[in-house]
Amino acid sequence: MTARSHQVFAIARIGPGSGFSEEERSYRCVAALHHERCYGPLAVQAMLRCLVLVKQRENAEVVRAELRSIDGQYELPAIPCPYIAFVLGAAFSTDLGTAGRLYGTNISLLTADVGSTEAVSNTDGISIVDVTDPSNPAYCFVSQLRPLSAGEYIHMDAELEASLAALQAYEVVDRQALFESWPTEYGSEIFRQSIDILRAPDRKMLSLADLAIGPAMEYALQEDDFSGIVEALIMPGRVNIVRDYFNCMRPIPDSAIYLLHEVVSSLDGLAEGRLDLSDMWLSTEQILDIVVHVGDGVKSLNLSFNPNVMSDTVQSVIMALPQLRRLVVMGCSGLSGQDLAQLFRRERHLFSNMEALIHPFILSFDASPMNCLSVVTYSHGHGIARTTVPFATPLCIVQNLIDYLKIFITGHPDAFQMASSRPWIAWSAFGAAPKKMGQSWAERSLVCIPAFSTATMDGEGWMFLLSADGAMPQPRKTWGFIRFRESSQDNGMSEPSTEEIPSGGRSGDFTTVEDSGRTLEIHSFRSFLQIITADSRDEPSEDVVQELEQILDQLHQEQNMEIMDHRDVRQHLFDVLRR
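Everything in the sequence shown is counted per the numbering used here, starting at 1 for the first residue and increasing by one.
Hints listed in this document are in silico derivations from the structure and should not be mistaken for laboratory results. Please note that a few of the clues may not be correct.
Said to hold, decoys possible - The calculated lysine-lysine pairs, modelled on DSBU-like cross-linking and capped at a C-alpha distance of 30 Å, are:
#: 1; residue 1: LYS55; residue 2: LYS406
#: 2; residue 1: LYS299; residue 2: LYS435
#: 3; residue 1: LYS435; residue 2: LYS55
#: 4; residue 1: LYS435; residue 2: LYS406
#: 5; residue 1: LYS55; residue 2: LYS436
#: 6; residue 1: LYS436; residue 2: LYS299
#: 7; residue 1: LYS436; residue 2: LYS406
#: 8; residue 1: LYS299; residue 2: LYS55
To be verified - Cβ pair distances, simulated, as ranges:
#: 9; residue 1: PRO322; residue 2: MET437; range: 16 to 26 Å
#: 10; residue 1: ASP414; residue 2: GLN554; range: 12 to 22 Å
#: 11; residue 1: GLY295; residue 2: ASP535; range: 17 to 27 Å
#: 12; residue 1: ASP553; residue 2: GLU36; range: 28 to 38 Å
#: 13; residue 1: ASP268; residue 2: ASP535; range: 30 to 40 Å
#: 14; residue 1: GLU539; residue 2: ARG485; range: 17 to 27 Å
#: 15; residue 1: TYR74; residue 2: ARG485; range: 49 to 59 Å
#: 16; residue 1: GLU23; residue 2: ILE531; range: 54 to 64 Å
#: 17; residue 1: ASP414; residue 2: ASP174; range: 39 to 49 Å
#: 18; residue 1: ASP509; residue 2: HIS293; range: 41 to 51 Å
#: 19; residue 1: ASP157; residue 2: GLN554; range: 27 to 37 Å
#: 20; residue 1: ASP174; residue 2: ARG250; range: 36 to 46 Å
#: 21; residue 1: ALA169; residue 2: GLU547; range: 29 to 39 Å
For glycine and all other residues, C-beta sits at the position ideal for the given N, C-alpha and C.
Construct the entire structure; sequences and hints are all you get.
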């Protein structure tokens, strides 16, 4: 049967170099991937999943930051926006949100400079997503160099009725955008004659009173006295104007902090625990001053594009905000990935309540720099899928395990083989933060690219291992939470040093196995949960815990899947994982 291959591209308007004007922005491809089997209804459903993910508030925040980071660059790296590429991949490769349906497939990343019709074999058109404004993304399907809406791309049928209706809320990418993104492909005379009229950038006209704020701010900066500006904040809309002027101050003087207190107190999102200080060149001391003024209810803090942010800033902010769960530090030139890794390993307890630390170091398809939990799915003769989450709360871990393990009880006979040979299924599940009340899986916040790290086998964090070992049709299926420790023995393999865990996995006991100078602890779910919640404030509710236990029980009853013991620890598997 012939494969129905498909390509997916993300485009955005970015500046061509330093000193460009808004009118000089043009479309360029910022992410691309090849889908091994995507056509018709699958492409339409995947497009809707992608648009929902892109416009999700936390995801859109990271998309904007990635686009900002490449603005003005003429030469772009092969994958200039890895987070955007990950969002595309998660949407088009996996659907774990449709009850009773398992959809997961393989995809491969393409370089962003590849032609839209030149990439690889294409049998079913291409999909394009415009992420210039991630809060309002646009899309199109392309066939024979023509941009098509979903309704033009495929005929209506009952299965797609809801998806096609939902896609009507999104704009369709126009021909001008295609021409700017790939001028050699969409630049023929026939095509150019049909290009839409060049769009003019939106311009917001300020009132004379609003225009007067600029000179007033400049005068206050010269006099080192901002007290007179506070009265201007009474007028609606003035807060954002004053904030924009603060974004242009390099640096912000201490005398302006009182005014900044008034500004941030009026920002949207603060009532929901979100504080955005991005683009403000504040010192660590000034950031802490503002945080103290706002209060400790901040759960999400954005400090992006501030060169004064360093590892000490990250440490101080986390300590000052006990409810902080998300910290965004994109484009902070003073904070390297190595700085973050060293802080994580030196002060690991600081991160026990963090759901996300958004930094380019975490958003990479290279090996994850840190390990909180690695998930490995192994099926004899089919493959190994592996993923690593650098940060996660106990609630996040349990929620994502529920989403992932549900695929094994869908009744799909090849679920284990699919999960072990198609790594994007696990990546899509474990790259997410905990879902909020009423939030669907499709609306989840993606917080990392969970590329596998061998740090777990060096004693950092945990591994959840799912194994279907042995010959078909009756392989031994097991699971276990594994922690690696240095061994007191020199070598060799010993019998478990504690009683084996009952098959239900509810015991608080754990099994230890001595192997080649290492101790492997195989924990039940309750034992694992007891350890990881010891220092965390975000414990999952008993209802959520019982939901995961019920899934594990169901896997035991339906597929005879048991908690593993010393017989299931295979050195060759760990050797493969290290390669």
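Evaluation of the provided hints:
1. LYS55 to LYS406: holds, 26 Å
2. LYS299 to LYS435: Within the cut-off at roughly 14 Å; holds.
3. LYS435 to LYS55: holds, 16 Å
4. LYS435 to LYS406: Within the cut-off at roughly 16 Å; holds.
5. LYS55 to LYS436: Holds, because 16 Å separates the two Cα atoms, which is no more than 30 Å.
6. LYS436 to LYS299: With a Cα-Cα distance of about 13 Å, the restraint between LYS436 and LYS299 holds, given a limit of 30 Å.
7. LYS436 to LYS406: Between LYS436 and LYS406 the Cα gap is close to 19 Å, so the pair holds against 30 Å.
8. LYS299 to LYS55: Holds - the C-alpha atoms of LYS55 and LYS299 are around 20 Å apart, at most 30 Å.
9. PRO322 to MET437: 16 to 26 Å: Because 21 Å falls inside the window, the suggested range holds.
10. ASP414 to GLN554: 12 to 22 Å: holds, 18 Å
11. GLY295 to ASP535: 17 to 27 Å: Since GLY295 and ASP535 have Cβ atoms about 24 Å apart, the given range 17 to 27 Å holds.
12. ASP553 to GLU36: 28 to 38 Å: holds, 35 Å
13. ASP268 to ASP535: 30 to 40 Å: holds, 33 Å
14. GLU539 to ARG485: 17 to 27 Å: Distance hint for GLU539, ARG485 holds at roughly 24 Å.
15. TYR74 to ARG485: 49 to 59 Å: Cβ of TYR74 to Cβ of ARG485: about 51 Å, so the range 49 to 59 Å holds.
16. GLU23 to ILE531: 54 to 64 Å: Cβ of GLU23 to Cβ of ILE531: about 57 Å, so the range 54 to 64 Å holds.
17. ASP414 to ASP174: 39 to 49 Å: With Cβ atoms ~42 Å apart, the hint holds.
18. ASP509 to HIS293: 41 to 51 Å: For HIS293 against ASP509, whose Cβ atoms are near 49 Å apart, the range 41 to 51 Å holds.
19. ASP157 to GLN554: 27 to 37 Å: Hint holds: Cβ distance 33 Å, inside 27 to 37 Å.
20. ASP174 to ARG250: 36 to 46 Å: holds, 37 Å
21. ALA169 to GLU547: 29 to 39 Å: holds, 32 Å
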